[in-house]
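Enquirer: Protein chains in written order, with the numbering used here: chain H, 243 to 673; chain P, 243 to 673; chain C, 243 to 673; chain L, 243 to 673.
Hints were generated in silico from the structure; no laboratory data involved.
All residues carry an ideal CB built from backbone N, CA and C; glycine is no exception.
Incorrect hints may have been included.
Claimed, not checked - Partial selection, computed: residues in chain L whose CB lies under 8 Å from chain C:
id, residue
1, Gly-289
2, Pro-308
3, Ala-435
4, Gly-466
5, Tyr-468
6, Gly-485
7, Thr-486
8, Ala-500
9, Ala-502
10, Asn-519
11, Leu-523
12, Glu-524
13, Gly-528
14, Glu-541
15, Arg-559
Number of protein chains: 4
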Amino acid sequence: MKDIIKKINEIEQTVIDWRRSFHQYPEVGWTEIRTASLVAKELKTLGFKLMIGREVIEDNKRMGLPSQEVLDAAYDRALHQGADPEFADKLKDGFTGVVGILECGDGPTIGMRFDMDALPVSEEHVSSHKPFDQGFISKNARLMHACGHDGHTAIGLGIASVLSSMQSRFMGTIKLIFQPAEEGVRGAKSMVASGVLDDIDILLGLHLGIKEEGSGSVYAGVSGFYATSKFDICFKGVSSHAGTHPENGRNALLAGAATALQLHSIPRHSSGISRINVGRLEAGTGRNIIADQAFMMIETRGSTSEVNDFMVKEMHRIVESIAALYQVTYEIEAVGHAEGGTSDEELVNIVEKVATQLEGLSVKPCLDDFGGSEDFTEMMTHVQSNGGKACYILMGSDIAAPHHNGAFDFEERDMMNAVKLLSLIAETFGD
Amino acid sequence: MKDIIKKINEIEQTVIDWRRSFHQYPEVGWTEIRTASLVAKELKTLGFKLMIGREVIEDNKRMGLPSQEVLDAAYDRALHQGADPEFADKLKDGFTGVVGILECGDGPTIGMRFDMDALPVSEEHVSSHKPFDQGFISKNARLMHACGHDGHTAIGLGIASVLSSMQSRFMGTIKLIFQPAEEGVRGAKSMVASGVLDDIDILLGLHLGIKEEGSGSVYAGVSGFYATSKFDICFKGVSSHAGTHPENGRNALLAGAATALQLHSIPRHSSGISRINVGRLEAGTGRNIIADQAFMMIETRGSTSEVNDFMVKEMHRIVESIAALYQVTYEIEAVGHAEGGTSDEELVNIVEKVATQLEGLSVKPCLDDFGGSEDFTEMMTHVQSNGGKACYILMGSDIAAPHHNGAFDFEERDMMNAVKLLSLIAETFGD
Amino acid sequence: MKDIIKKINEIEQTVIDWRRSFHQYPEVGWTEIRTASLVAKELKTLGFKLMIGREVIEDNKRMGLPSQEVLDAAYDRALHQGADPEFADKLKDGFTGVVGILECGDGPTIGMRFDMDALPVSEEHVSSHKPFDQGFISKNARLMHACGHDGHTAIGLGIASVLSSMQSRFMGTIKLIFQPAEEGVRGAKSMVASGVLDDIDILLGLHLGIKEEGSGSVYAGVSGFYATSKFDICFKGVSSHAGTHPENGRNALLAGAATALQLHSIPRHSSGISRINVGRLEAGTGRNIIADQAFMMIETRGSTSEVNDFMVKEMHRIVESIAALYQVTYEIEAVGHAEGGTSDEELVNIVEKVATQLEGLSVKPCLDDFGGSEDFTEMMTHVQSNGGKACYILMGSDIAAPHHNGAFDFEERDMMNAVKLLSLIAETFGD
Amino acid sequence: MKDIIKKINEIEQTVIDWRRSFHQYPEVGWTEIRTASLVAKELKTLGFKLMIGREVIEDNKRMGLPSQEVLDAAYDRALHQGADPEFADKLKDGFTGVVGILECGDGPTIGMRFDMDALPVSEEHVSSHKPFDQGFISKNARLMHACGHDGHTAIGLGIASVLSSMQSRFMGTIKLIFQPAEEGVRGAKSMVASGVLDDIDILLGLHLGIKEEGSGSVYAGVSGFYATSKFDICFKGVSSHAGTHPENGRNALLAGAATALQLHSIPRHSSGISRINVGRLEAGTGRNIIADQAFMMIETRGSTSEVNDFMVKEMHRIVESIAALYQVTYEIEAVGHAEGGTSDEELVNIVEKVATQLEGLSVKPCLDDFGGSEDFTEMMTHVQSNGGKACYILMGSDIAAPHHNGAFDFEERDMMNAVKLLSLIAETFGD
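Chain H with its partners taken away, still in its complex shape:
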């Protein structure tokens, strides 16, 4: 253990440098071409076997994909900002996943997942904000790593470095899974569908920075993820002059309005917590024209997948019925999905045991009522349904502002705690 920790301490600055590089060039879901190409290059250098692009991303299971125009622009920008052209070519058009595989002999297959995408948030340009003050602020306007995924990616590379240099200390097969488009819970489903997680026995995921818990604290597991689904809904009606022929219109605006109200009145479910939100509604053109178009962005949640499924089923019936009510047509596009999920107790116990041995960490048991959503659960439930075990770990950090805020920043040394923890857990299975 000591030698591993020593090794990790040696690479601290490298990990920080990686993080700052990713932080400067944030890329939102399905456009992580620069990020993923540099990850691939590094993994290859470290001797990992690579799977990339369409090998790890199932085309038609990608959710919430941007338009081809946006994808093309992202590709150009990435090349401009230092993406490795060799890998970029395999990643383009929204196939921005990378998996690095290291075979260390007999033993279980251990997966570790790191998400890479940034957010459409404008980063604060004030001297109290460290990335601005120290010169590694986002160079991409209106985009920012405001959720710490830059750190997650750097942690992944740090672990790769340790595993590579001390390969003999580990057993089994290690799969480092670098995932696109976690924001909006859009990406995990397509990696699962590619089959790349089919052989995994042990799956670990993590998140940096828990608002209430500062640097040094660790939750050894998380359960009580909310299942969630995201949809875009579009109604199409028939326009008509509202003054001269009101009866000829098929009013998509009213269809949207009625749908919003009806969605918010789906009954409570006795078997758990449910949520619904219509976050955006946009309908109509001119004041005197009966609107022939409405667009809505909605999401459902449930404290269990069953409850979320109930909400989704109700949503479908409501949209269909309201469309009939207003004689309009509709399209519902699923743009995100994550299951509910529970960390395996056995694995949580291992995490807890290892964490307790690490200096300076304050370890807590499994957080049972997380109440948030993460598409790691797509991978988690898949591994569990194959008989494997999975665990999601929260690493506390002193953060500068809430997640998704333009002033968000985390304590960089907390990345090293994560590198240590995951590396040592992996070593456990080598005993």
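Based on the hints, put chains P, C and L in the right spot on chain H.
Expert: Chains P, C and L only, in chain H's frame:
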């Protein structure tokens, strides 16, 4: 009469040139700086006494004014496109009205109103469209004279020319009123409020092109205007994360949706026809955020002012109650208004008599159930309430496409019929 | 003419006695067994050929029929109150129509329609109310002739008496049509469907008492009837305990509530006036049970049959869609219907001419914008579609209170004006 | 302990006889005159000090009181069915509470609460239903003890009997509280307000028959009661003829419908489970009349009092806003209320310890997520806020059908387990 007609025939090409100049540089409501400055310049040249800008536009009665940013850009563009700087200065910031006064001795004060604004419509670039084919298509992107107001303005200048050159043939005082922002029924109210119509005994207005009636046909009067009001409504609520604290939000999106549905269920009124439309609704930002903002564009109509007032009163109560229902605040901005209106029979009879004498015109009596809206009614009812008479005339024209369509065009020679008709009506009062 | 008038003056007391007999024993729609049996008896006595019961009422076209229990009780009561058992037997179970036919030689077939039903209104027991003061007040609790149909029936018998005694003065065939269930516009359709009106060339109907017009005034025709349809709607859902399993319910109460709101927001129609009303809504049982049942009573109207048909079509789609929205089943029962209608100008002119000759009448031309509904229009449009002419006449009367009010009463001598007018119109066709 | 149990075994038939007497004469909330008068008579006979009627029921805190007419009829029926006239007089008009006090020397004041009211349920007349088969079925039509309160009352008298005959074995003051109107959570609040519970240190309540648990099982405590509130809402509008003057109505039916929909869309609350139900809606009169009246029966629930309070607050705002929306007036009447509640762990432990000593009982610890409502919580939270301890016990029983069902029946010998358990708990405080 013959000499007047001869004079008018001589200026036909000038009137057409004016129309084509205005057509090439369309300016929407409150930005008619080029148009109005050239009108002012011409009127001055012709010997009219000028009233302009704040003299004829009451500041706080202007409705649906664009932002200062838009006004500034319009001013710059106008100067660039040949506006007369002397007048442009008085017209800028949304005071784009001009009145030309010609005193011809004892007699009644006769007002004639011409509207000058264009529409946010993209003009068709096809050879079948005459303005494109003959090279006078709009030079301002996404703006077009698609309602014939370019023709109305040219008619006004044509009349000014006739009156000026044959002043001795007329009696009384002639006021040529060039009005901004008729589209959206936004401008007339502010000209009325300025007092410039207070002394008018006889008021005439007209429109070119009646879909069902071709060139040569004339309706000697129009009654049965629908009163109409236009409003922008804004709700402000409180955002909250829809997953973690749904109870903390104050949902402006649902307030907007409920308002849309409620407005469309205002009961029918036994004393006439009513209309309501929510033409545009836009609310919320992110999918998982309870919306803290909603914006709506609506209009009401009534076959009488009483019915429209009922609709407006109901609208106010609905918005206020729904705001209370969702604990949000609201603002209602009146952005347009026109009264119902009726042409005076006595004046219609005069119009009909004069028109019948003109060669080539097919004259019809008053159109009683117009069913449309025009803010000329604001001027009409004001003059009538002062004991004057008013009449609105429809001049048929073979039009190429419906009004407000990108392929709209009228028959230019019909402008000359209008110049003749109005000039000869004015002469009638000189007898 | 004079001899006819003399004859009519002789029977005035008889007509009044008839009216008072009917007034004392009011019977609501489809239960007019006593009334119709006495009408039949009298017509037979006077030498009319009789058609009765199922001969003139098409079974499955009856609308808004009461329950068998109510029909049975009405039959027993009628026998008890002096119904003629011979005819009562043919009228029972809701076949309470009678037609009397008198053949007077060559000539057109002239129909006259009289409605016989009373209302569920409690008659006032105060000395200022003549029926109470003079002892002919309703003997049937909570039922009253509060719309003058007792007078209409008496007028019909008065005319029968005149025609019978002076048969040689008339030509053609006279059909006196005594109709049940005009209130709620429920009965006319079934008489039309029986075929009894198929051969009619001239059809006359009338109503006593126009609020604004007193005794002696006559409208020679009525047009502008509103088409109307009446429906009962029932939703059936699934109950569930609202506390323990809210998601298992299928909420019929909310389906009813949403339907009510949606019906009231059917858009205005550009081709005429429309009306909608949900007059009654009743849903649910216990406070903590999700309601599995809702019942609604609604009506639509239109200033034309086209507009009313639009409202009915919208209603059907709304009910069907809302049922799908709440996963409940529904039934829609049509319980009343009347078309729009227009009196024939030619016939109105004849009525006007005859009325003008009658002493003491103030005659007005056709009332064009009636704005009310009457199922006489079902007969009217049927006759007109067969090439015949129809006219509906309003006979003014000094009434004591509005129609449908417990203090309603009309001036009995106005019945004699009606007898005279209709008799003389009939005679006209004998010339 | 053995002597107490022996004594209790001796009175088994007496307790059963009491229960059967109460079962035959069920009385719903606020009308328990026969029941309470017989309880009072027995307590007096046994030497208890009596508090009765207005002494233990605070007038204006009674909720959901029936009409005076219903109260009068109940009084007459009770006298007829064997009520003791002396006590009946004090109980009449809805003051049907009785408290018996036995002072046994120094020690804490121990309260035990028994509810006495029946339900508006029709009892099954089939031989498989024991009360029918053995001849003690309800003699009051459409009323039934279908929730076991007859058993609770008999248990209370059984305990009174034991305490009285072995008074020296107990210490402190015993208060046996016989409460009216538990159904609909209407009665407890008024007993608390009377002050009769102010001095209680230890409060016990119980319920017979837990669906999932059969005879012999006991939950030593219950927590997780849902707070609940019951309201009747009435809207008053203005009627108008829907055809002739739709704009004059103030539509109470639509106000009711909109309120129902809005109530069902109150947002979820992040701090717990919430429920809402509009169980009954009744509005309007005639089909063609705009409804001037609507009546609704609703209830709210919350897994905590905070959540329920949120629901109630939202309900008030919604009703007020919708009333403004439709220009109608409203009244909200609170007809039932119960707080959330938690049994005190210390007291649960005592109950568990005593129960474990009793032969034939299978004892379970505190049931934490009860999920139902009981107005015992009103007493519980009052005692706790005064520094006392409270506990609610569930006594399992093999029941014949679910509670509130016409075939409900419990195993009578389970009453004796309750008598034993409560008596021995009381004895515990005498040590």
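Enquirer: For every hint, state whether the structure bears it out.
Expert: Hint by hint, here is what the structure shows:
1. Gly-289: At about 41 Å, which exceeds the 8 Å cut-off, the nearest Cβ of chain C leaves the hint on L/Gly-289 violated.
2. Pro-308: violated (15 Å)
3. Ala-435: At 23 Å from the nearest chain C Cβ, L/Ala-435 fails the 8 Å test, so the hint is violated.
4. Gly-466: violated (13 Å)
5. Tyr-468: Holds: closest Cβ of chain C sits about 7 Å from L/Tyr-468, inside 8 Å.
6. Gly-485: holds (5 Å)
7. Thr-486: Check passed: Cβ of L/Thr-486 comes within 7 Å of chain C, closer than 8 Å.
8. Ala-500: holds (6 Å)
9. Ala-502: This interface hint holds because 4 Å falls under the 8 Å limit.
10. Asn-519: holds (3 Å)
11. Leu-523: holds (5 Å)
12. Glu-524: holds (5 Å)
13. Gly-528: holds (5 Å)
14. Glu-541: holds (5 Å)
15. Arg-559: violated (19 Å)
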